[in-house]
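Working from the sequences, and respecting the hints, build out all of it.
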Amino acid sequence: MKKSAVAEYGISKKEMKMGQGIFVITEQREGAFRKVSYEALSEGRRLADVKKCGLTAIIAGPGAEKMAPTLEKYGPDKVLVADDPLLTEYTTDAYTDVVAGAVKAQNPELVIIGASILGKDLSARLAARLDAGLAMDCVAIRVENSEFIFTRPMYGGKILSDVKIDGTPKMVAIRPNVFTISETPRSVVLEKITVSAGQARTNVVERKLESADKIELTEADIIVSGGRGTGGNFTHIEELSKILGAAVGASRTAVDEGWRRHSDQVGQTGKVVSPTLYIACGISGAIQHLAGMSTSKFIVAINKDPEAPIFQKADYGVVGDLFQVLPAIIDEVKKLK
Amino acid sequence: MDIVVLVKQVPDTESLIQIAGDGVSIKTDDLKWVINPYDEFAVEEALRIREAQGGTVTILSMGPAKTVEAIRTALAMGADKGIHINDPIAEGSDSLGISKLLAAVLKKIPFDLIIAGMRAVDGDNYQVASAVAEFLGIPQITQVTKQEITGKKIRLNQVVEGGVAVIEADLPVLFTAQRGLNEPRYASLPGIMKAKKKPLEIKTVGDLGVDAGQVGVKNRKVKIAALKLPPTRKSVMMIKGEDPAALAANLVHKLHEEAKVI
Chain A
1 MKKSAVAEYG ISKKEMKMGQ GIFVITEQRE GAFRKVSYEA LSEGRRLADV
51 KKCGLTAIIA GPGAEKMAPT LEKYGPDKVL VADDPLLTEY TTDAYTDVVA
101 GAVKAQNPEL VIIGASILGK DLSARLAARL DAGLAMDCVA IRVENSEFIF
151 TRPMYGGKIL SDVKIDGTPK MVAIRPNVFT ISETPRSVVL EKITVSAGQA
201 RTNVVERKLE SADKIELTEA DIIVSGGRGT GGNFTHIEEL SKILGAAVGA
251 SRTAVDEGWR RHSDQVGQTG KVVSPTLYIA CGISGAIQHL AGMSTSKFIV
301 AINKDPEAPI FQKADYGVVG DLFQVLPAII DEVKKLK
Chain B
338 MDIVVLVKQV PDTESLIQIA GDGVSIKTDD LKWVINPYDE FAVEEALRIR
388 EAQGGTVTIL SMGPAKTVEA IRTALAMGAD KGIHINDPIA EGSDSLGISK
438 LLAAVLKKIP FDLIIAGMRA VDGDNYQVAS AVAEFLGIPQ ITQVTKQEIT
488 GKKIRLNQVV EGGVAVIEAD LPVLFTAQRG LNEPRYASLP GIMKAKKKPL
538 EIKTVGDLGV DAGQVGVKNR KVKIAALKLP PTRKSVMMIK GEDPAALAAN
588 LVHKLHEEAK VI
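Chains as they are written, first to last, in the working numbering: chain A, 1 to 337; chain B, 338 to 599.
The set of hints was computed from the structure by calculation and includes no laboratory data. In this text the structure is predicted, and so the values were computed from the model without any measurement. The beta-carbon is built from N, C-alpha and C at its ideal position, and this holds for glycine as well. Hints are supplied without guarantee of correctness; some may be wrong.
[To be verified] Counterexamples of contact, computed for chain B against chain A with all Cβ distances above 12 Å:
| no. | residue |
| --- | --- |
| 1 | E428 |
| 2 | D507 |
| 3 | A549 |
| 4 | K560 |
[Stated by the list, open to error] The calculated EDC-like cross-link candidates involving lysine to aspartate or glutamate, where the alpha carbons are at most 16 Å apart (straight line), are:
| no. | chain 1 | residue 1 | chain 2 | residue 2 |
| --- | --- | --- | --- | --- |
| 5 | A | K335 | B | E594 |
| 6 | B | K597 | A | E332 |
| 7 | A | K51 | A | D77 |
Structure below.
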């Protein structure tokens, strides 16, 4: 733009350099996208329509090109594929190099990534590399006066914070299971990008994965959780989870007592979850536990103590002995199937 | 083995958090302040490594004057010395600003290993440790539940969705502590007495040579526009029923017909 135009429209040189468009970083493992990648793309499409700008997605890893058609129905205008053996295992170094290079080349206004464990690892490193503001673990994004406003929980969800980000690119990592997936198919331009990943300084020597059918807490639609009231007996909770296709969660007490693994803990010092249905069994409802599950769509509390604080946060409450109520619930659910 | 642990002082997780009158900060008067729980795992792991291999454990923290309590607690657990970045200019910095200051300290001191909590339970940003690693140009391994050092090599278990990745790297690295790494010790009474005499340096933004235009509340890239309380739920519907079978039938009916979630 000529100097006169800069003066005439009052557009600063800084603004001229501002990025445009929306850029989504997808996450895949062994040829399958994480669900949060579809959530990120759907939200990216929605925002691109509001801002009337383009939507670009990147897939990194071997087989990326073959996976690209899967993304078409979620509405990207362009898909970048970085298909390279260097990216076989996720390493912060290699992925940051590749994605940072692609973001710089595209110069987007907004970068969206899923706040999975690896998404958090990558986005934090990438934000520092790009000197970009990053709104982590967002639960809502809106546009006001053409400005993005990101809503993110703080203090484990006790507070919601609306934040704006200065400069571009702006980065947002979205909490899994919160944003709606919508299908808006379109024809997609595919672009291969050359990988310029330096040598990764960390080496993944082994992956120990639990059984493939175990549902990850942060991605589960239904969670059945147990606390002190179980006395360590999770038999009924596991059975109910199985018929509902749910994941099993636990309170801090249940983990501290050694009844469940650390990776099952829901709360401010555990996992923060947002399922459609959260069934809390024998959990009193300590503030730090509530912080980890209060964004669930429906909460059911089953507790012997009618005064338990969990009932104040629940949609449906059952006062009763979980060892009697759960087997009866299991019978009822079986009738539905 | 020179180890630096990044520590943050945060409100206790059992605290009730209330929004202050300005609408963009929280009321701090009645809060109980503690070491970030994930940072306690980091301190504990550093102490165990030093006990096995020798060396030093330095606690590095940024925050207002009261932050010194968190540093002293870590010293009472057994750390050797503390460095406290305390400067009103830096107050209210965002993750990038804080990371630049922490990295500036680390560029001037020797270290083989940096350990931090995987996140601070106040801002829930998951960012500072990774940004510090980036600014120092060293590898990061986040959410670690186990580590083993042999010579100049470190082997770590990193939590990933659905399991664990075993990762190897050469020191120096930065890793972040996830629950499961260890059970932090309590500070002993003699430990608390000794901590009072351990060295604690105070640094200002000027001391660190960081541009004041990169830090502080005015230079945040992520600007808080408003804080609000999460939406309240409609009051709970207590399920009625004479016996467990009736309770269960009524609950499942509600979930199936009304909420339509099963």
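Hints broken by the structure, by number, lowest first? 2, 4
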